[in-house]
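Whenever a hint applies, use it, and build me the whole structure from the sequences.
Protein chains: 2
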Amino acid sequence: MQRGFATSEYRARLKAAQLAMARHDFAALLLTSEPDVRYFTGFQTRFWESPSRPWFLVVPQEGELIAVIPSIGEPLMRRTWVEDIRTWSAPDPFDDGISLLTEALRNVAGAEKIGVPSGLGTHLRMPLADFGRLQSAGLTFSDDAGLMGQLRAVKTEAEIEKIAQTCTIAGRAFDRMGEVARQGAKLDAVFRGFQRLLLEEGADWVPYVAGGAGPHGYSDVISPAAPDPLRMGDVLMLDTGAVWDGYFCDFDRNFAIGVPARQTGAAWDKLLEAAQAGLEAAQPGAEASDVWRVMAAIVGSGEEAGRLGHGLGMQLTEGLSISPRDHTVLEEGMVITLEPGIGTADGMMLVHEENIVIREGGAQILSPWANGPMPVI
Amino acid sequence: MQRGFATSEYRARLKAAQLAMARHDFAALLLTSEPDVRYFTGFQTRFWESPSRPWFLVVPQEGELIAVIPSIGEPLMRRTWVEDIRTWSAPDPFDDGISLLTEALRNVAGAEKIGVPSGLGTHLRMPLADFGRLQSAGLTFSDDAGLMGQLRAVKTEAEIEKIAQTCTIAGRAFDRMGEVARQGAKLDAVFRGFQRLLLEEGADWVPYVAGGAGPHGYSDVISPAAPDPLRMGDVLMLDTGAVWDGYFCDFDRNFAIGVPARQTGAAWDKLLEAAQAGLEAAQPGAEASDVWRVMAAIVGSGEEAGRLGHGLGMQLTEGLSISPRDHTVLEEGMVITLEPGIGTADGMMLVHEENIVIREGGAQILSPWANGPMPVI
Chain B
1 MQRGFATSEY RARLKAAQLA MARHDFAALL LTSEPDVRYF TGFQTRFWES
51 PSRPWFLVVP QEGELIAVIP SIGEPLMRRT WVEDIRTWSA PDPFDDGISL
101 LTEALRNVAG AEKIGVPSGL GTHLRMPLAD FGRLQSAGLT FSDDAGLMGQ
151 LRAVKTEAEI EKIAQTCTIA GRAFDRMGEV ARQGAKLDAV FRGFQRLLLE
201 EGADWVPYVA GGAGPHGYSD VISPAAPDPL RMGDVLMLDT GAVWDGYFCD
251 FDRNFAIGVP ARQTGAAWDK LLEAAQAGLE AAQPGAEASD VWRVMAAIVG
301 SGEEAGRLGH GLGMQLTEGL SISPRDHTVL EEGMVITLEP GIGTADGMML
351 VHEENIVIRE GGAQILSPWA NGPMPVI
Chain V
1 MQRGFATSEY RARLKAAQLA MARHDFAALL LTSEPDVRYF TGFQTRFWES
51 PSRPWFLVVP QEGELIAVIP SIGEPLMRRT WVEDIRTWSA PDPFDDGISL
101 LTEALRNVAG AEKIGVPSGL GTHLRMPLAD FGRLQSAGLT FSDDAGLMGQ
151 LRAVKTEAEI EKIAQTCTIA GRAFDRMGEV ARQGAKLDAV FRGFQRLLLE
201 EGADWVPYVA GGAGPHGYSD VISPAAPDPL RMGDVLMLDT GAVWDGYFCD
251 FDRNFAIGVP ARQTGAAWDK LLEAAQAGLE AAQPGAEASD VWRVMAAIVG
301 SGEEAGRLGH GLGMQLTEGL SISPRDHTVL EEGMVITLEP GIGTADGMML
351 VHEENIVIRE GGAQILSPWA NGPMPVI
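Sequences listed follow chains B and V, in order.
Residue numbers for the first sequence follow the numbering used here, so the first one is 1 and each next one is one higher.
Residue numbers for the second sequence follow the numbering used here, so the first one is 1 and each next one is one higher.
One should not assume that every hint holds.
What the hints assert, rightly or not - A few chain V residues facing chain B, derived, Cβ under 8 Å: (1) 42; (2) 46; (3) 85; (4) 86; (5) 87; (6) 165; (7) 168; (8) 171; (9) 205; (10) 206; (11) 220; (12) 306.
If you're looking for bench data, these hints aren't it; they were derived computationally from the structure.
Every residue gets a Cβ at the ideal spot worked out from N, C-alpha and C, and that includes glycine.
Below is the structure:
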């Protein structure tokens, strides 16, 4: 499959952003996060792992993108479609790109409003003191009113293909779980082995792996793995956010080590039923909360129990939550996870997760949809 | 090797922070980033990969830590030494922990100064609009004056052991490079294979891999790998930030595919010479800029060419830069990288990197120190 996107796709993204900016009266957007910068530029590097250097993208309401970046990134940015690239030798303890950025913003925005993503799920990826310097320079910033989140939430076919590709890769890795997980295998070794399988099956990298194991499931889904051996009768869950060409999958699989307990099987059936109901409810025009409601009714999840899915794409989780308080209206092209969880015995739980894309006439499945009894290892 | 730290170590970190806070007149610190929260609590999860939820740690000038976190993290936080844990069901689009956090901060700080890491290399990992809400609630925030960075820069013996362990793991993976890299192997497959080797040798995960290949080196060190085959005469470089128990290594290795060109060999010798000079200059009391100067003189690096190393620990890069503008004084227990680079032909370069810890009487080597001719594959 082809990597990257056609320049026409980046140009369409920019144009859509500029139309929305005009509606919101933003003279410019200031973007600082990896996915926001990549969304418009295609600038893709794992170097964001280093927190030492900020990266700035200025999106003017009219005209072309301006990248204000550390010089170490110039060769890579030159390979994108961005032409206006301004660099400095970072990190500079006295002026880490701020005078350069101030000038760029002043030229395109003057004293007019500059949108900065500021809402749920966003972070300003630059030193707070440097943002204060921009404000003191007479620039006017305001919340981007969710504009970036809305643009990124609806995926193009090219984006959906990449997420589907990542799901396929992870599906193949899950199919090989028997190679790394068995009675007596230690959970931390299983985590390592699973990451290795994901790479062998074609993932570029594996930013996220979580999981758990126990006779009635697991107590949480975010803890690192301990070196505890898998026991006969355990349920093993592994959840991954792997990446191919900058796009995530995010789904899990549950496995029974030997024969699952009877109540575990019943809980499993409920999870499959909830995922199926979520799939059917995830229609264009429905709210995220509607999808939550049908799944929550089946698994018996209360309002305070947390979300049962979320948006997915350039980040492991992004955008909407499948929760009672999220009234985002689903649109064709949105990619989401369905992630019902259910309590079992001893305060334990099971969680099941699938990835889908919203389509007219019924959501399309991206992850290899689980059916039937829990797979046995 | 034992995972985690003794509670006494966390208590000592808290005490040192509280003494520094008293000197700076901070009634509290507000911490939002993964390493800052983990530094005091030991809370370790890859769930930070999800940007949807903020995590807050309040460090009062007197008394115990207060964790204000999404309820999904409560079971894991309960396994740390933190006792005061306050949770909400996140993400909440109307109040994502802000009223809970406001109350916690108001109780310990009132209208007094609350330190927030705001300088070079830091980010506020929470929505900017929510930070505005805290400010509007009458709380007073100011830059932490580099306090967190200074605390984290000097490592304990237990921390150094973990970094050394990660270096050992990566060293073993590099020793096996011949299994994945050879003439004709595609660079993207080599990247995947190298990550697999790191996992097999015991890395918990591999947040960072970069590299490049070409007859005279590479044009930059941050680009993702293309599916181009390695050719006879290429220099292959792979650079990794792998993690064991939450601590990074960060070093690279260069390999000659077949016999390296003569001028490549000469550049390689200069890099080894520069690393050796950096090692000898990295004494307690020297400035970061002093270490830069001796290395830059050997590789012919100008003031604008970027840094030749940096701090290392809970992040791939943290704290000081080995650069002409960084006058940080080296102290015993600081872990740094020495990363000289040198230009070759056609605008290409070679970069070499080692990890060391500053000690009285001479820095101690943590990565398997490279010597002699460039290894040939």
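We went through each hint and held it up to the structure:
1. Because the beta carbon of residue 42/V sits about 11 Å from the nearest beta carbon in chain B, more than 8 Å, this interface hint is broken.
2. The criterion of a C-beta within 8 Å of any C-beta in chain B is met by residue 46/V, whose closest approach is roughly 5 Å, and the hint holds.
3. Interface hint at residue 85/V: violated, since its Cβ lies 13 Å from the closest Cβ of chain B, which is beyond the 8 Å cut-off.
4. The restraint placing residue 86/V at the interface with chain B is violated, with a minimum CB-CB distance near 15 Å, outside the 8 Å limit.
5. The beta carbon of residue 87/V comes no nearer than 10 Å to any beta carbon in chain B, farther than 8 Å, and the hint placing it at the interface is violated.
6. At about 14 Å, the closest approach between the beta carbon of residue 165/V and any beta carbon in chain B exceeds 8 Å, and the interface hint on this residue is violated.
7. Contact between residue 168/V and chain B, as hinted, is not supported at the beta carbon level, the nearest pair being about 16 Å apart and thus beyond 8 Å.
8. Checking residue 171/V against chain B: minimum C-beta separation of about 18 Å lies over 8 Å; hint violated.
9. Hint status for residue 205/V: holds, given a least beta-carbon distance of 7 Å to chain B, under 8 Å.
10. Because the beta carbon of residue 206/V sits about 7 Å from the nearest beta carbon in chain B, less than 8 Å, this interface hint is met.
11. Hint on residue 220/V holds. Least Cβ distance to chain B is approximately 4 Å, under the 8 Å limit.
12. With its C-beta approaching chain B no nearer than about 6 Å, residue 306/V sits inside the 8 Å limit, and its interface hint holds.
The structure shown violates the earlier hints numbered 1, 3, 4, 5, 6, 7, 8.
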